[in-house]
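Here the protein sequences come in this chain order: W and X.
Taking numbering that gives the first Met the number 0, the leading residue of the first sequence gets 0, the next gets one more, and so forth.
Taking numbering that gives the first Met the number 0, the leading residue of the second sequence gets 0, the next gets one more, and so forth.
It is possible that some hints are incorrect.
[What the hints assert, rightly or not] So, partial list: chain X residues that the calculated Cβ filter (under 7 Å) puts toward chain W:
{"id": "1", "residue": "Q218"}
{"id": "2", "residue": "K225"}
{"id": "3", "residue": "I231"}
{"id": "4", "residue": "Q233"}
{"id": "5", "residue": "A241"}
{"id": "6", "residue": "S255"}
{"id": "7", "residue": "L290"}
{"id": "8", "residue": "H297"}
{"id": "9", "residue": "F316"}
[Said to hold, decoys possible] Across the chosen pairs, the derived CB separations fall in these ranges:
{"id": "10", "chain 1": "X", "residue 1": "T204", "chain 2": "W", "residue 2": "E146", "range": "53 to 59 Å"}
{"id": "11", "chain 1": "W", "residue 1": "T213", "chain 2": "X", "residue 2": "Q296", "range": "30 to 36 Å"}
{"id": "12", "chain 1": "W", "residue 1": "G93", "chain 2": "X", "residue 2": "M0", "range": "55 to 61 Å"}
{"id": "13", "chain 1": "X", "residue 1": "E319", "chain 2": "W", "residue 2": "D23", "range": "50 to 56 Å"}
{"id": "14", "chain 1": "X", "residue 1": "Q176", "chain 2": "W", "residue 2": "N41", "range": "47 to 53 Å"}
{"id": "15", "chain 1": "W", "residue 1": "E63", "chain 2": "X", "residue 2": "E361", "range": "51 to 57 Å"}
{"id": "16", "chain 1": "X", "residue 1": "H410", "chain 2": "W", "residue 2": "G207", "range": "55 to 61 Å"}
{"id": "17", "chain 1": "X", "residue 1": "A205", "chain 2": "W", "residue 2": "T127", "range": "51 to 57 Å"}
{"id": "18", "chain 1": "X", "residue 1": "P334", "chain 2": "W", "residue 2": "Y192", "range": "15 to 21 Å"}
{"id": "19", "chain 1": "W", "residue 1": "T222", "chain 2": "X", "residue 2": "P334", "range": "36 to 42 Å"}
{"id": "20", "chain 1": "W", "residue 1": "V193", "chain 2": "X", "residue 2": "E361", "range": "32 to 38 Å"}
{"id": "21", "chain 1": "X", "residue 1": "Q338", "chain 2": "W", "residue 2": "L90", "range": "35 to 41 Å"}
[What the hints assert, rightly or not] Heads up, simulated EDC-like pairs for lysine to aspartate or glutamate below, C-alpha to C-alpha not over 16 Å straight-line:
{"id": "22", "chain 1": "X", "residue 1": "K298", "chain 2": "W", "residue 2": "D180"}
{"id": "23", "chain 1": "W", "residue 1": "K196", "chain 2": "X", "residue 2": "D293"}
{"id": "24", "chain 1": "X", "residue 1": "K309", "chain 2": "X", "residue 2": "E345"}
{"id": "25", "chain 1": "W", "residue 1": "K38", "chain 2": "W", "residue 2": "E27"}
{"id": "26", "chain 1": "X", "residue 1": "K256", "chain 2": "W", "residue 2": "E175"}
{"id": "27", "chain 1": "X", "residue 1": "K298", "chain 2": "W", "residue 2": "D189"}
{"id": "28", "chain 1": "X", "residue 1": "K335", "chain 2": "W", "residue 2": "D186"}
{"id": "29", "chain 1": "W", "residue 1": "K86", "chain 2": "X", "residue 2": "D274"}
{"id": "30", "chain 1": "W", "residue 1": "K80", "chain 2": "X", "residue 2": "E208"}
{"id": "31", "chain 1": "X", "residue 1": "K335", "chain 2": "W", "residue 2": "D189"}
{"id": "32", "chain 1": "W", "residue 1": "K80", "chain 2": "X", "residue 2": "E216"}
{"id": "33", "chain 1": "X", "residue 1": "K256", "chain 2": "W", "residue 2": "D180"}
These are computed hints drawn from the structure, not numbers from a lab.
Note that the Cβ used here is the ideal one computed from N, Cα and C, for glycine as well.
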Amino acid sequence: MKMLFVEDEPILLEEMESYFSSHDCICEQAITFGQAEQKLKNYMYDVVVLDITLPDGSGIDLIEGIRKNHMETGILILSAKDSLQDKLTGLNLGADDYLTKPFYLEELNARVNAIYRRKTLKGAEQITFDDFTVHPSSKSFFFKDSEISLTRKEYDMLIYFVINKNRVVSKASIVEHLWGDHFDQSDNFDTVYVHMKNLRKKLCNISGKDYIKTVYGMGYKFTH
Amino acid sequence: MRLLSKISYYHFWLSAVVLGITGCMLFLFLRKEISKEIEEQLELQTDMVAEEIHMGRTVAFPLVQITKGDESLMKLPKIFKDTLIYDRLQKVTEGYYYFVESKKINGQPYRIKVMTTYIGWDNYSKTIIYIFLSIAVLLVVLGTLVNYFISRRVWKPFLINLKRMKGYSVSSKEELQLTLTDVTEFKEMNNVLTDLAARGKREYTALKEFTENASHEIQTPLSILKTRLESISQQPLTEQIAHLLNDAKQATIRLSKVNKGLLLLAKLENNAYTDVQWVSLEDVLKRNFDLMEDLFQHKGLRAELQIQSKKVFASAFLMEILISNLLSNALSYAPKDAQIVVNLNEEALEITNEGKPLSFPESKLFSRFGKDSQGYKGNGLGLSIVKQICTLNKWNVKYNYEKHTHRFSIHF
Chain W
0 MKMLFVEDEP ILLEEMESYF SSHDCICEQA ITFGQAEQKL KNYMYDVVVL
50 DITLPDGSGI DLIEGIRKNH METGILILSA KDSLQDKLTG LNLGADDYLT
100 KPFYLEELNA RVNAIYRRKT LKGAEQITFD DFTVHPSSKS FFFKDSEISL
150 TRKEYDMLIY FVINKNRVVS KASIVEHLWG DHFDQSDNFD TVYVHMKNLR
200 KKLCNISGKD YIKTVYGMGY KFTH
Chain X
0 MRLLSKISYY HFWLSAVVLG ITGCMLFLFL RKEISKEIEE QLELQTDMVA
50 EEIHMGRTVA FPLVQITKGD ESLMKLPKIF KDTLIYDRLQ KVTEGYYYFV
100 ESKKINGQPY RIKVMTTYIG WDNYSKTIIY IFLSIAVLLV VLGTLVNYFI
150 SRRVWKPFLI NLKRMKGYSV SSKEELQLTL TDVTEFKEMN NVLTDLAARG
200 KREYTALKEF TENASHEIQT PLSILKTRLE SISQQPLTEQ IAHLLNDAKQ
250 ATIRLSKVNK GLLLLAKLEN NAYTDVQWVS LEDVLKRNFD LMEDLFQHKG
300 LRAELQIQSK KVFASAFLME ILISNLLSNA LSYAPKDAQI VVNLNEEALE
350 ITNEGKPLSF PESKLFSRFG KDSQGYKGNG LGLSIVKQIC TLNKWNVKYN
400 YEKHTHRFSI HF
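This is chain W alone, in the form it adopts within the complex (with noise of 0.2 Å):
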């Protein structure tokens, strides 16, 4: 996947660009307006991450640019605007979606890997391990031929699992993937751990291999 970051912040482009990259992504960055036009001039990129802010101007007035030129590229406005009204706008001029800041790697890269299936692949795209088998456009879940029957909850974390595979998710970030940012979060922790319990005992009773590891104090880890 070969992605644009436009973001003003080096140390949030940094932490990005690193994530991203150890997840077989080509990154490549924009830290103004300007250079972000002429890299969306000469370049295509499966999805552009776009930060509204910026010194020289608004990433919402980029949108319309990438647009005309390639209609594939995914876009996802990253803002620290929690502002209904640039989301709007944003997603009416034809971005795939928005993230408030401040944010969850994991989540960013969810999302990311959403929009690429979406707009790249289609929807035909299958995430596979080992033997098993993702379909993220009917959400179904296979173990070689036979399908495995997950709660919606645990097939929306098995999916957050894979997609940040190798990389300890913290409890919060979880949470905040499975019900949103509007609840209270140590309250929900007992749910997670009880999910998480189910959907590793799913797997191993089928593969007998145990993918997710918890990580004390910190979250899950899933490692295949």
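Put chain X on the given structure of chain W with help from the hints.
Chain X only, in chain W's frame:
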């Protein structure tokens, strides 16, 4: 009381008092003048009667009494008074004036009494009252008419501007446009209002920019904190450092939630959510409930939904927040295995959950950060956001506690 009614009211009483006083004065002056004339006339008549007697002619008029007497008669005074006499034709007693004087004619003392009627004095007073009443009625009717036309012409720009002011909001994009007028006071007021509106708008924009900038300025460092802390989490850590790191993470999350909540409240107060549409509360409730079902289950909460279809004209975004805040409040504060009842009908939304009584005064329930921290888990803003959303939609939100049950109700 409307200004015009007030003016008419004072106008009416002023006319009544002025007319009353002038009417009485007219009546009294006239009566004085007339009785003076009658006295003069009667004195003249007495003199003429005396002259007749002096000439040796017999005087026999119906309303003249002549009494002969001795010297003592001469000591009696002149009297001019009114009296009542029965009119046998009209069968009523009528008011008369009489004049008595003692005179010595040809050496013989006489007492002469002459009488005359008021000559329609009653009619005079009636006429005066009628005239003054019609003046009063005319003054009130014409005064009202004049006021009405004044209101149509002079007050019109004022009323139009008042209406525009009512509809004006500093958050709207349009400038305040006021109708011109030629009345100095109104002109002055228009200037003040336009100035005030412009200043309000400037300050509103500044505030809005400030909240957005503050948000940006806080959210970006928070993002850095959050991602950096997650990066540290990827390293192999000792239990002790993991514990410290976790505390830092929790604090970051809390800070980011408080910041978001405060921003939301600021925007609600500025009425920034103008994306109103018909929203089915039933759908919002079901969707949120669906999302939280496992959380309820895990806590062993028995949830009962009594939901009828209900649509409200409001911001969809705010309705999501309203419902999820109320449900998450019930989820957080209901003890294990408690019952939660959600009731939605045409008039009201009611969410009840069993639980212990509040540990702080009820009046602080909806205020920001108003609760004592003990046993309190939220960011302290959830219910004030609920309250603010309800206020914005002119709904009434109430809380009460009875029979171990907390009850939140919103009346549409």
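Verification of the supplied hints:
1. The interface hint given for Q218 (chain X) holds, since its Cβ lies 4 Å from the closest Cβ of chain W, which is under the 7 Å cut-off.
2. Nearest Cβ of chain W to the Cβ of K225 (chain X): about 4 Å, under the 7 Å cut. The hint holds.
3. The beta carbon of I231 (chain X) comes no nearer than 10 Å to any beta carbon in chain W, farther than 7 Å, and the hint placing it at the interface is violated.
4. For Q233 (chain X), the interface hint holds, the least distance from its beta-carbon to any beta-carbon of chain W being 5 Å, beneath 7 Å.
5. At its closest, the beta carbon of A241 (chain X) sits 4 Å from a beta carbon of chain W; the interface hint therefore holds under the 7 Å criterion.
6. Hint status for S255 (chain X) relative to chain W: holds, with the closest Cβ pair at about 5 Å, below 7 Å.
7. Because the smallest distance between the Cβ of L290 (chain X) and any Cβ of chain W comes to about 6 Å, under 7 Å, the interface hint for this residue holds.
8. For H297 (chain X), the interface hint holds, since its Cβ comes within 7 Å of a Cβ in chain W; the closest pair sits about 4 Å apart.
9. For F316 (chain X), the interface hint holds, since its Cβ comes within 7 Å of a Cβ in chain W; the closest pair sits about 5 Å apart.
10. Between T204 (chain X) and E146 (chain W), the C-beta spacing of about 57 Å keeps the proposed range 53 to 59 Å intact.
11. For T213 (chain W) and Q296 (chain X), the Cβ-Cβ distance of about 22 Å falls outside the hinted range of 30 to 36 Å, so the restraint is violated.
12. Our hint of 55 to 61 Å for G93 (chain W) and M0 (chain X) holds, since their Cβ atoms are close to 59 Å apart.
13. Our hint of 50 to 56 Å for E319 (chain X) and D23 (chain W) is violated, since their Cβ atoms are close to 36 Å apart.
14. With their beta carbons about 49 Å apart, Q176 (chain X) and N41 (chain W) fall inside the hinted range of 47 to 53 Å.
15. Checking the proposed 51 to 57 Å range against E63 (chain W) and E361 (chain X) shows it holds: the Cβ atoms sit about 52 Å from each other.
16. For the hinted restraint 55 to 61 Å between H410 (chain X) and G207 (chain W), the CB-CB distance of approximately 58 Å keeps it satisfied.
17. A205 (chain X) and T127 (chain W) have their C-beta atoms about 55 Å apart, which keeps the hinted 51 to 57 Å range intact.
18. Under the hint 15 to 21 Å, the C-beta atoms of P334 (chain X) and Y192 (chain W), about 20 Å apart, fit the expected range.
19. With their beta carbons about 39 Å apart, T222 (chain W) and P334 (chain X) fall inside the hinted range of 36 to 42 Å.
20. Taken as a hint, the range 32 to 38 Å holds for the pair V193 (chain W) and E361 (chain X), whose Cβ atoms sit roughly 35 Å apart.
21. Separation of Q338 (chain X) from L90 (chain W) is about 40 Å and conforms to the stated range, judged on CB atoms against 35 to 41 Å.
22. Taking the CA atoms of K298 (chain X) and D180 (chain W), the gap is about 19 Å. The hint is violated against a cut of 16 Å.
23. Straight-line distance between C-alpha atoms of K196 (chain W) and D293 (chain X) comes to about 14 Å, which keeps the hinted pair within the 16 Å bound.
24. Distance check on the hinted pair: K309 (chain X) and E345 (chain X) sit about 6 Å apart at the alpha-carbon level, within 16 Å; holds.
25. Taken as a hint, the K38 (chain W) and E27 (chain W) pair is honoured in the structure, with Cα atoms around 9 Å apart against an allowance of 16 Å.
26. A C-alpha spacing of about 12 Å is found between K256 (chain X) and E175 (chain W), which places the hinted pair at or below 16 Å, so the restraint holds.
27. At roughly 9 Å between alpha-carbon atoms, K298 (chain X) and D189 (chain W) fall within 16 Å of each other, so this suggested pair holds.
28. For the hint pairing K335 (chain X) with D186 (chain W), the CA-to-CA distance comes to about 12 Å; that is within 16 Å, so the pair holds.
29. Between K86 (chain W) and D274 (chain X) the alpha-carbon distance is near 12 Å, which keeps this suggested pair within the 16 Å criterion.
30. For the hint linking K80 (chain W) to E208 (chain X), the alpha-carbon distance of about 11 Å falls within 16 Å, and the restraint holds.
31. Our distance criterion of 16 Å between C-alpha atoms is met by K335 (chain X) and D189 (chain W), whose separation comes to about 13 Å.
32. Of the supplied pair hints, the one linking K80 (chain W) and E216 (chain X) holds, its CA atoms being roughly 10 Å apart against a limit of 16 Å.
33. Between K256 (chain X) and D180 (chain W), the direct Cα distance comes to roughly 8 Å. Compliance with the 16 Å bound is thereby established for this hinted pair.
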